Amino acid sequence: MAETPAIRTDRLCLWYRTFQALHDISLDIEQGRITSLIGPSGCGKSTLLRCMNRIVERLPYVRITGGIEVLGHDVRAPEVELLQLRRQVGMVFQRPNPLPLSIRDNVAFTYRLQRGTQRIPRPELDEVVEAALREVLLWDAVKDRLDDSALGLSLEEQQKLCIARLLPVKPAVLLMDEPCSALDPAGTEAVEELIWKLRGAYTIVIVTHNMAQARRASESCIFMLMGRVVEHRPTDELFVAPQHPETADYIEGRYG
Amino acid sequence: MFSSTPLDARNKRIQNRVRILFGLMTVLLVLPVLLILGLLVYKGAPVISLEFLLTSPTEGMTAGGIMPALLGTIWLVSVALLVSVPVGVAAAIFLSEYARDNWVTRVINLAIINLAGVPSIVHALFGVGAFVLFFRFGTSILAASLTLGIMTLPVVIVSTREALQAVPHAFREACWAMGATRWQTIWRVVLPNAVSGILTGIILEVSRTAGETAPIMFTGAAFFLPYLPVSVYDQTMALSLHLFVISTQVPGVPEALPFGVALVLIALVLTMNATSIVFRTVLRRRRKW
Ligand SMILES: Nc1ncnc2c1ncn2[C@@H]1O[C@H](COP(=O)(O)OP(=O)(O)OP(=O)(O)O)[C@@H](O)[C@H]1O
Ligand SMILES: [Mg+2]
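Quick note, the sequences are listed as chains S and L, same order. Note that the numbering used here has the first sequence beginning at 1, numbered continuously upward. Note that the numbering used here has the second sequence beginning at 1, numbered continuously upward.
In short, the hints are calculated from the structure, not lab data. A quick note: this is a predicted structure, and the numbers were derived from the prediction, not measured. Keep in mind that a hint or two might mislead.
What the hints assert, rightly or not - Heads up, incomplete: computed chain S residues facing chain L, CB under 7 Å, no partners named:
#, residue
1, Ala77
2, Val80
3, Leu83
4, Asn97
5, Arg104
6, Arg115
7, Leu137
Said to hold, decoys possible - Calculated Cβ distances over 12 Å to all of chain L for the following chain S residues:
#, residue
8, Phe19
9, Glu81
10, Gln84
11, Asp105
12, Lys143
13, Cys162
From the three backbone atoms N, C-alpha and C, an ideal C-beta is built for every residue, glycine too.
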C-alpha cells in the first residue's frame with residue numbers, strides 16, 4: 001500500500017461570492033517531495049494553496065465544498081484547531097514578510113506561540129533558533145547580528161528567514177506562493193537551492209510562474225487552467241511529453 | 001546642447017514664485033503662534049513665581065496664586081484620561097482588528113465621526129443631564145471628567161485606529177499564517193508598532209482637554225473654592241474657567257494676572273505636546289520598518 005498522501009483534495013470547489021475559482025480539484029500530493037503548481041495568472045493556484053492551510057477562509061464570502069486532507073486527516077472537520085493546522089502547514093509568501101522584530105524573535109515566533117506563556121530558557125531558545133537558521137543556510141550570515149531587525153536583511157535573506165521561522169514547530173508541509181518572484185536572479189537561485197535541500201524533510205508545494213524553476217526545482221508538477229487541474233505528473237514527464245495540448249501550449253510559452 | 005531654452009526659464013520662474021508663495025503661507029501660519037506666545041510671556045511673566053503656582057487666590061481673586069485651579073485641571077484631565085483611554089483604545093482595536101465591515105460597523109463609524117463634531121457646549125448639557133442629575137454624581141470632578149472623557153473619546157478612537165492601520169497588513173497575515181490568534185497578533189506585533197502613534201494621539205488630545213471650559217463649567221468646576229478637592233466627588237477650580245472668570249466676571253483684577261494664568265495654561269499644554277513628541281521620536285527609533 002502506498003503511503004498516505006501529504007495532501008489530498010477530493011472534488012474541491014471554491015467560490016468567491018458567486019465566482020467559482022476552483023472546479024472539482026482532486027489531487028494527491030506525495031509526502032516528502034516538491035510539487036510545483038503552474039498555470040496562467042488567475043487560474044487559481046494561490047487559491048488552491050490557500051485552501052490547504054485554510055487561510056482563504058478569512059474572507060467571509062468564500063464558500064468551499066469537497067474535502068481536503070492533510071496526512072490523512074480531514075482539515076475541515078469541526079474539531080480541527082486552525083492554529084494547529086497552520087503550524088503543521090506553514091506558508092511562505094510572495095513578498096518576504098518578516099515581522100518587525102529582531103532576527104532571533106522572528107525565528108522564535110512560532111516556537112513561542114506554541115509554548116504559550118511558559119518561559120523558555122535562553123539556551124533552549126538559542127538552540128532552536130540556531131537549528132532553524134542553519135537549516136535554511138542563513139546561520140553564518142546572521143549569527144553575529146541576531147538582535148538586529150529582520151527588516152534590515154536583503155530580500156533573499158528575508159525570504160530564507162521566512163522559511164526558517166516555520167521550522168521550529170516541525171511543520172509537515174510548506175506552502176510557497178511564488179517565493180522567488182520578488183528576488184533577483186542570484187537570490188532566486190539561492191532560495192531554489194534551499195528549497196531543493198529541504199526536499200525529503202518536508203512536503204513542499206510551490207507556486208511558480210517560472211517554467212525553468214518548476215522544471216529545475218520540483219519533482220512533481222501540477223498544471224492548472226481556469227480553476228481546474230489539467231495535468232499532474234512527475235515534472236520530467238510533464239515537461240518532456242505533456243499529455244494535453246493546453247499543457248504543451250503553456251509550457252512552450254504560448255499563453256499566460 | 002544642454003543650454004537653457006525659453007521654456008526652461010519660464011518653468012524656473014514659476015517654480016521660484018510657487019516656492020516663495022508657499023513659504024510665505026507657512027510664515028503666516030507660524031506668526032500668530034509666535035505673537036500669542038510673545039504677548040503672553042511679555043505680559044504674564046512678571047506675575048509668575050513659585051509662590052504664584054503654590055498659593056490660593058486671595059482678595060476676591062484679584063491677587064494671590066492659582067494652585068487650586070492648577071491642581072484642579074490636573075485632576076480633571078487625569079480622571080478624564082482614565083475614562084477615555086481604556087474605552088477608546090479598546091474600541092479602536094475592536095473596530096480595526098476584529099470587526100467585520102458590515103452595516104453595523106459602518107453605523108458605528110458614522111456615530112464616532114458625528115460625536116467628534118458635537119460642540120462642547122452640547123456635551124456640557126449632556127453631562128449635566130446624565131452625570132450630574134441622572135447618575136446623581138452632582139457637580140463634581142467625576143461628572144466633569146466623564147463629560148470631558150466622552151468628548152475626547154471619538155478623537156482617541158480615530159487616532160488610535162489610524163495608528164493601528166498604519167501597521168502594514170502583511171505583518172498580520174504573516175502572523176496568522178503562523179498560527180497566531182488575533183490577540184497574539186495584536187499583542188506581539190500590531191500594538192508594539194502602533195504604540196507611538198496611539199500615545200501621540202492621546203497626549204495631543206489631553207492637551208486639548210486641559211483648555212476646555214464649557215464642558216466643565218456646569219458639571220464640576222467652580223468659580224472659587226476655599227479648599228482643595230480631596231476626592232472625585234468634590235468640586236474643583238480649573239485653570240480655563242479661572243481665566244474666564246478673572247478676565248470677565250471679577251472687577252479690579254490687575255492686568256497681568258489673566259496673562260499669567262494663560263501663560264501657565266499654555267505652558268501646561270506645550271509641556272504635554274513636547275512629551276508627546278519625545279515619546280514619538282523615542283518609540284519611532286525603536287520601530288523597525
Ligand atoms: N479575494 C478574492 N475575491 C474575489 N475573487 C478572487 C479573490 N482572490 C482571487 N480571486 C479570483 O480567483 C481567481 C483565482 O485567483 P488566484 O489568486 O488563485 O490566481 P493565481 O493562479 O494565483 O494567479 P497569479 O498567478 O496571478 O497569482 C482569479 O480569477 C481571481 O480574480
Ligand atoms: Mg497567485
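Structure-based check of all given hints:
no.: 1; hint: Ala77; in the structure: 17 Å, violated
no.: 2; hint: Val80; in the structure: 12 Å, violated
no.: 3; hint: Leu83; in the structure: 4 Å, holds
no.: 4; hint: Asn97; in the structure: 4 Å, holds
no.: 5; hint: Arg104; in the structure: 13 Å, violated
no.: 6; hint: Arg115; in the structure: 12 Å, violated
no.: 7; hint: Leu137; in the structure: 21 Å, violated
no.: 8; hint: Phe19; in the structure: 19 Å, holds
no.: 9; hint: Glu81; in the structure: 9 Å, violated
no.: 10; hint: Gln84; in the structure: 7 Å, violated
no.: 11; hint: Asp105; in the structure: 9 Å, violated
no.: 12; hint: Lys143; in the structure: 19 Å, holds
no.: 13; hint: Cys162; in the structure: 8 Å, violated
Comparing the model with each numbered hint stated earlier shows that hints 1, 2, 5, 6, 7, 9, 10, 11 and 13 do not hold.
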